[in-house]
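Taken in order, these protein sequences are the chains called A, B, C and D.
No gaps in the numbering here: position 37 of the first sequence is 37 in full-length UniProt numbering, and each next residue is one more.
No gaps in the numbering here: position 212 of the second sequence is 212 in full-length UniProt numbering, and each next residue is one more.
No gaps in the numbering here: position 155 of the third sequence is 155 in full-length UniProt numbering, and each next residue is one more.
No gaps in the numbering here: position 41 of the fourth sequence is 41 in full-length UniProt numbering, and each next residue is one more.
Derived by calculation from the structure, the hints in this document are not laboratory data.
For each residue, glycine too, the CB sits at the ideal point set by N, CA and C.
Treat each hint with caution, since some may be false.
Some but not every residue of chain C turned toward chain B, in silico, with C-beta under 10 Å [what the hints assert, rightly or not]: (1) S30; (2) P33; (3) F79; (4) P82; (5) A98; (6) T108; (7) L112; (8) D136; (9) G168; (10) A172; (11) V197; (12) P203; (13) F205; (14) E221; (15) P222.
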Amino acid sequence: MTLDVAWAVDWTRRTADEVFARRSELNELDRQIGDGDHGENMARGFTAVIARLDALEEPLGTVGDVLKLIATTLMSKVGGAAGPLYGTAYLRAAKVSATPALDAPGVVAMLEAALEGIVARGKATTGEKTMVDAWSPAVEAAVAGSTGGADAAAVLVSAASAAELGAVATIPLVATKGRASYLGERSAGHQDPGATSTAIVLRAASDAAAAHGA
Amino acid sequence: MTLDVAWAVDWTRRTADEVFARRSELNELDRQIGDGDHGENMARGFTAVIARLDALEEPLGTVGDVLKLIATTLMSKVGGAAGPLYGTAYLRAAKVSATPALDAPGVVAMLEAALEGIVARGKATTGEKTMVDAWSPAVEAAVAGSTGGADAAAVLVSAASAAELGAVATIPLVATKGRASYLGERSAGHQDPGATSTAIVLRAASDAAAAHGA
Amino acid sequence: MKKLINDPQNVVAESVEGFGWAHADIVAVSFDPDFVSRAGGAVAGKVGLVSGGGSGHEPLHAGFVGVGMLDAAVPGAVFTSPTPDQIAPAIAAANGGAGVLAIVKNYTGDVLNFETAVELAEADDIEVSTVIVNDDVAVLDSLYTAGRRGVAGTVCVEKIAGAAAERGDNLAAVTAVAEHVIANVRTMGVALAACTVPHAGQPSFDLTDDEIEIGIGIHGEPGRRRIPLAPADDITEMLLTPVADDLALAAGDDVLLFVNGMGGTPASELYIVYRQARKLLEARGVRVTRSLVGNYVTSLEMQGASVTVLRLDSELTALWDAPVNTAAMHW
Amino acid sequence: MKKLINDPQNVVAESVEGFGWAHADIVAVSFDPDFVSRAGGAVAGKVGLVSGGGSGHEPLHAGFVGVGMLDAAVPGAVFTSPTPDQIAPAIAAANGGAGVLAIVKNYTGDVLNFETAVELAEADDIEVSTVIVNDDVAVLDSLYTAGRRGVAGTVCVEKIAGAAAERGDNLAAVTAVAEHVIANVRTMGVALAACTVPHAGQPSFDLTDDEIEIGIGIHGEPGRRRIPLAPADDITEMLLTPVADDLALAAGDDVLLFVNGMGGTPASELYIVYRQARKLLEARGVRVTRSLVGNYVTSLEMQGASVTVLRLDSELTALWDAPVNTAAMHW
Ligand SMILES: Nc1ncnc2c1ncn2[C@@H]1O[C@H](COP(=O)(O)OP(=O)(O)O)[C@@H](O)[C@H]1O
Ligand SMILES: Nc1ncnc2c1ncn2[C@@H]1O[C@H](COP(=O)(O)OP(=O)(O)O)[C@@H](O)[C@H]1O
Ligand SMILES: [Mg+2]
Ligand SMILES: [Mg+2]
Ligand SMILES: [Mg+2]
Ligand SMILES: [Mg+2]
Numbered sequence: 001m002t003l004d005v006a007w008a009v010d011w012t013r014r015t016a017d018e019v020f021a022r023r024s025e026l027n028e029l030d031r032q033i034g035d036g037d038h039g040e041n042m043a044r045g046f047t048a049v050i051a052r053l054d055a056l057e058e059p060l061g062t063v064g065d066v067l068k069l070i071a072t073t074l075m076s077k078v079g080g081a082a083g084p085l086y087g088t089a090y091l092r093a094a095k096v097s098a099t100p101a102l103d104a105p106g107v108v109a110m111l112e113a114a115l116e117g118i119v120a121r122g123k124a125t126t127g128e129k130t131m132v133d134a135w136s137p138a139v140e141a142a143v144a145g146s147t148g149g150a151d152a153a154a155v156l157v158s159a160a161s162a163a164e165l166g167a168v169a170t171i172p173l174v175a176t177k178g179r180a181s182y183l184g185e186r187s188a189g190h191q192d193p194g195a196t197s198t199a200i201v202l203r204a205a206s207d208a209a210a211a212h213g214a
Numbered sequence: 001m002t003l004d005v006a007w008a009v010d011w012t013r014r015t016a017d018e019v020f021a022r023r024s025e026l027n028e029l030d031r032q033i034g035d036g037d038h039g040e041n042m043a044r045g046f047t048a049v050i051a052r053l054d055a056l057e058e059p060l061g062t063v064g065d066v067l068k069l070i071a072t073t074l075m076s077k078v079g080g081a082a083g084p085l086y087g088t089a090y091l092r093a094a095k096v097s098a099t100p101a102l103d104a105p106g107v108v109a110m111l112e113a114a115l116e117g118i119v120a121r122g123k124a125t126t127g128e129k130t131m132v133d134a135w136s137p138a139v140e141a142a143v144a145g146s147t148g149g150a151d152a153a154a155v156l157v158s159a160a161s162a163a164e165l166g167a168v169a170t171i172p173l174v175a176t177k178g179r180a181s182y183l184g185e186r187s188a189g190h191q192d193p194g195a196t197s198t199a200i201v202l203r204a205a206s207d208a209a210a211a212h213g214a
Numbered sequence: 001m002k003k004l005i006n007d008p009q010n011v012v013a014e015s016v017e018g019f020g021w022a023h024a025d026i027v028a029v030s031f032d033p034d035f036v037s038r039a040g041g042a043v044a045g046k047v048g049l050v051s052g053g054g055s056g057h058e059p060l061h062a063g064f065v066g067v068g069m070l071d072a073a074v075p076g077a078v079f080t081s082p083t084p085d086q087i088a089p090a091i092a093a094a095n096g097g098a099g100v101l102a103i104v105k106n107y108t109g110d111v112l113n114f115e116t117a118v119e120l121a122e123a124d125d126i127e128v129s130t131v132i133v134n135d136d137v138a139v140l141d142s143l144y145t146a147g148r149r150g151v152a153g154t155v156c157v158e159k160i161a162g163a164a165a166e167r168g169d170n171l172a173a174v175t176a177v178a179e180h181v182i183a184n185v186r187t188m189g190v191a192l193a194a195c196t197v198p199h200a201g202q203p204s205f206d207l208t209d210d211e212i213e214i215g216i217g218i219h220g221e222p223g224r225r226r227i228p229l230a231p232a233d234d235i236t237e238m239l240l241t242p243v244a245d246d247l248a249l250a251a252g253d254d255v256l257l258f259v260n261g262m263g264g265t266p267a268s269e270l271y272i273v274y275r276q277a278r279k280l281l282e283a284r285g286v287r288v289t290r291s292l293v294g295n296y297v298t299s300l301e302m303q304g305a306s307v308t309v310l311r312l313d314s315e316l317t318a319l320w321d322a323p324v325n326t327a328a329m330h331w
Numbered sequence: 001m002k003k004l005i006n007d008p009q010n011v012v013a014e015s016v017e018g019f020g021w022a023h024a025d026i027v028a029v030s031f032d033p034d035f036v037s038r039a040g041g042a043v044a045g046k047v048g049l050v051s052g053g054g055s056g057h058e059p060l061h062a063g064f065v066g067v068g069m070l071d072a073a074v075p076g077a078v079f080t081s082p083t084p085d086q087i088a089p090a091i092a093a094a095n096g097g098a099g100v101l102a103i104v105k106n107y108t109g110d111v112l113n114f115e116t117a118v119e120l121a122e123a124d125d126i127e128v129s130t131v132i133v134n135d136d137v138a139v140l141d142s143l144y145t146a147g148r149r150g151v152a153g154t155v156c157v158e159k160i161a162g163a164a165a166e167r168g169d170n171l172a173a174v175t176a177v178a179e180h181v182i183a184n185v186r187t188m189g190v191a192l193a194a195c196t197v198p199h200a201g202q203p204s205f206d207l208t209d210d211e212i213e214i215g216i217g218i219h220g221e222p223g224r225r226r227i228p229l230a231p232a233d234d235i236t237e238m239l240l241t242p243v244a245d246d247l248a249l250a251a252g253d254d255v256l257l258f259v260n261g262m263g264g265t266p267a268s269e270l271y272i273v274y275r276q277a278r279k280l281l282e283a284r285g286v287r288v289t290r291s292l293v294g295n296y297v298t299s300l301e302m303q304g305a306s307v308t309v310l311r312l313d314s315e316l317t318a319l320w321d322a323p324v325n326t327a328a329m330h331w
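The shape of chain A in the complex, shown without the other chains (with noise of 0.2 Å):
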């Protein structure tokens, strides 16, 4: 099977109704260690991005024309430090997924050209308790899987359920990159935000994979 234009809307309308549901969640995460508005940002971002997908005139041609809609859109919608790393990210997503349809080594270039753009941006490494904890594992659990022979779907439940863990396993960390870094310590106990908006959007995306599979 591979992942076509349809499951990419797809994908960002279940990312959406995702962020919109979990809107009060992210804030209070980022409440916790941060400045509480997380899921603020990725609600106003997403909204943003879906009303440009309803006005679209005729569909995209390619995946990328769907990521680079969103990478566009977060980046001058969203603010804060989630708006240019998420932007990045799909931007970067973009231009290697230029092509009507994903298998599962386009998953894979994907997901890694995403997290490229992040750290790019950020600077972080894994252990900051950043969006990277959960990136980085997934793109681990999507290279192992295709390498397995994994088609493009199932990379994407592994990505997904990979970057879950990623996102739990910030709990105990100390944040050394971010707003939550100002902590210290204090920062320990907690679950980053961008980690867990970064799980929803890969799940929404394995989610998208499943019901297109059919």
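With the hints as your guide, set chains B, C and D with the ligands onto chain A.
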């Protein structure tokens, strides 16, 4: 019996003790319908009064001297509405008490002068929910007692009791003078702080008289 | 109660001392009795302006001592009028030989203590005239009250009378200008949350999470009525309408629109109130030709705001625009 | 949560609109994308100054747009950095042909969004240099953090670099002055009570009635440590000492002492903090030659304060004293 300078000093110390003891209660009454400082104002004033009494090198010669010391101290330390009102009350009372001791008519004259001073400054009549509603029945009771042949101490007992009843009777009133008047109808249902401190002052006078009547 | 204070009894003295150090180029501070006067002392030949009142309304009044505004300010205990033995020396310190205007907010305590102080000053041969500021339209009928309170409009009186004194008007003329401002300035305020007086240790009134007080004064008193929390635009209308009605504002009138913060309200919220008040004035055909937005007459950290409108004519406008150099107002 | 707002989503837009109306002589407001620039536009031949950041810190930054300070300010959502598509047009609006200095507070979001905006502006052939303000000594070791935050010291950078631009310094020189200020300014803050972001509806952190947060930033984040409430003099010492130590202040140094209110602190308390901070500096032999006390860099209605010290030399002093005409700073 007559009430001498020692009585006046004892009256003052008892007033101070009772004001200190009931400072929060007076603040709280004032918080309900005013700005919450009446206990503070009275306590600041009587702290200064006691300090000046304690600093005296030789005893004062007349009851009026004691009252004048209180008057000038309250005027310069209390501020707010209570400072000038009590200040004038004690000043006028001092003027008619320029004698080593007061008999019953002397006590009546002193109380009448105090009330006149308050009315002259504050322009309130009875029923406006002010200290006048304690002073006025106190003076009436004192006049009645003295006319009926009561001695100085008994006159003060009547005055104090009347002041206490008068203070309680301010509860249903709607204030039309002072800060409580800004509340309009909402001032009803609360006891006036100035009327309450008046009852404190007069009960202290009566208690001091009882102690000295021996 | 959490406050950045030491002993509650020393709040005013310590704060005024810090104020004096921070603004030593503008003010001089005297202690025992406590008052603030212009650095350099009274200006010979100029009418002196003195105001004062309870503390807790900062920057009022000490923040307005300086060229173009007050000559002296007298801080009482928090929310308590100062005493005559503070006010009289401040009047003397403000006297440059041309007499002194005392600007008094209409509260029983302030009026009585200033009255006595003025008598003392006059006994020392200082010519004093007094104006009573009473701009608060929340106090409806002075037959049944101690009269309207003096609130944020006091700033307008101090600024404009100060400019008149600075340009050399005599005492009668400065007094007339002050009365002219008083006749044309009205205010109404709202509180979202009470303030806590240092000695009290608890809020000055109790509001639930969805109630506000309309028609509050500046001493933490409860207001005229308690209503459910409403959008800023609606609240602003409840403040602006009685002010505009009381002034009988008509199309073509020029006004100063002054949105005052009570101490604990973010500037952003004050501008939201300003925006709506301005819309409402313009809908009446009134032109807002001057504006002031900020914390000028506060109630400690009270959350809330007041809306003040001053009807302007060309003279008042010119006096408003005249240079002023004080700690809290400067142009 | 009680606020004088309408729809939480419109807080910034409505507030900025009101701000623009109130100060139309000083600023012009653009919407979609939202930014504030000088009335009259960029000054030909002058280096332009742009700053911006999340809203909720008013008067920072829009209140500092005007002659002698900023040319444009970019307000983001509350406590959220603005986006490149707002910042880039603001840079263009500030460009008088001599290039633009972007003054960025050191937060990941601000740095990243400004980075992108600067790239966009440079693509339009505008010369831009960027300085990162990082005065907050509460953030101890930048090895383990995103680096020290930019807080109240930003006002000093904007004022002094603004004066350098106004006197005609070129971009390199204005940038050097800004860097010089940044190298010599340090801040530390305390919160007594958290603030409530409009969309959140609950306080940004929870403190009991006898706890305070030492080392807070300006976004309602919790601080470095939570301690029991203490007298103002003790708290002030906890703020001033790390600031003075980090600057290695020595006897004979001249400094600007800046006590900043976080939005919900009465002016009287700020002066109590100022008084003690000044005493402590003087005890070190340091001379406080300039002072600033007030709400300049706020966190909505947070109760708290910060202490900023800027080491002065004669040039910085002269630039600080240079005339400035903005909504929130004027001399
Ligand atoms: N340098 C960084 N690299 C990667 N992710 C980061 C970095 N800094 C912050 N983040 C992520 O951004 C999230 C916060 O986003 P958000 O709350 O929207 O922005 P802000 O911190 O500006 O308020 C954090 O939870 C973290 O996952
Ligand atoms: N015009 C008046 N005549 C008589 N008593 C008055 C008048 N105005 C106020 N009072 C009394 O003063 C009391 C308040 O005193 P206080 O709280 O010390 O002063 P303030 O109102 O200035 O805060 C009221 O309870 C009332 O009894
Ligand atoms: Mg955040
Ligand atoms: Mg009172
Ligand atoms: Mg009082
Ligand atoms: Mg943020």
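Going through the hints against the structure:
At a threshold of 10 Å, the smallest CB-CB gap from S30/C to chain B is about 15 Å, leaving the interface hint violated. With a least beta-carbon distance of about 8 Å to chain B, the hint placing P33/C at the interface is held under the 10 Å criterion. Using the Cβ-Cβ criterion of 10 Å, the hint placing F79/C at the interface with chain B is satisfied: the shortest such distance is roughly 5 Å. Because the smallest distance between the Cβ of P82/C and any Cβ of chain B comes to about 6 Å, under 10 Å, the interface hint for this residue holds.
Because the beta carbon of A98/C sits about 28 Å from the nearest beta carbon in chain B, more than 10 Å, this interface hint is broken. For T108/C, the interface hint holds, since its Cβ comes within 10 Å of a Cβ in chain B; the closest pair sits about 4 Å apart. Checking L112/C against chain B by beta carbon gives a least distance of about 4 Å; that is within 10 Å, so the hint holds. Using the Cβ-Cβ criterion of 10 Å, the hint placing D136/C at the interface with chain B is satisfied: the shortest such distance is roughly 8 Å.
Here the hint on G168/C is broken, as its CB sits about 34 Å from the closest CB of chain B, past 10 Å. Interface restraint check: A172/C against chain B, minimum CB-CB distance 27 Å, threshold 10 Å, status violated. Interface restraint check: V197/C against chain B, minimum CB-CB distance 6 Å, threshold 10 Å, status holds. Interface hint status for P203/C: upheld, as the beta-carbon distance to the closest one in chain B is roughly 9 Å, under 10 Å.
Interface restraint check for F205/C: the shortest CB-CB distance to chain B comes to about 7 Å, inside 10 Å, so the restraint holds. At its closest, the beta carbon of E221/C sits 6 Å from a beta carbon of chain B; the interface hint therefore holds under the 10 Å criterion. Given hint, P222/C at the interface with chain B, holds; its Cβ is 6 Å from that chain's nearest Cβ, closer than 10 Å.
The structure fails to meet hints 1, 5, 9, 10 from the earlier list, while all remaining hints are met.
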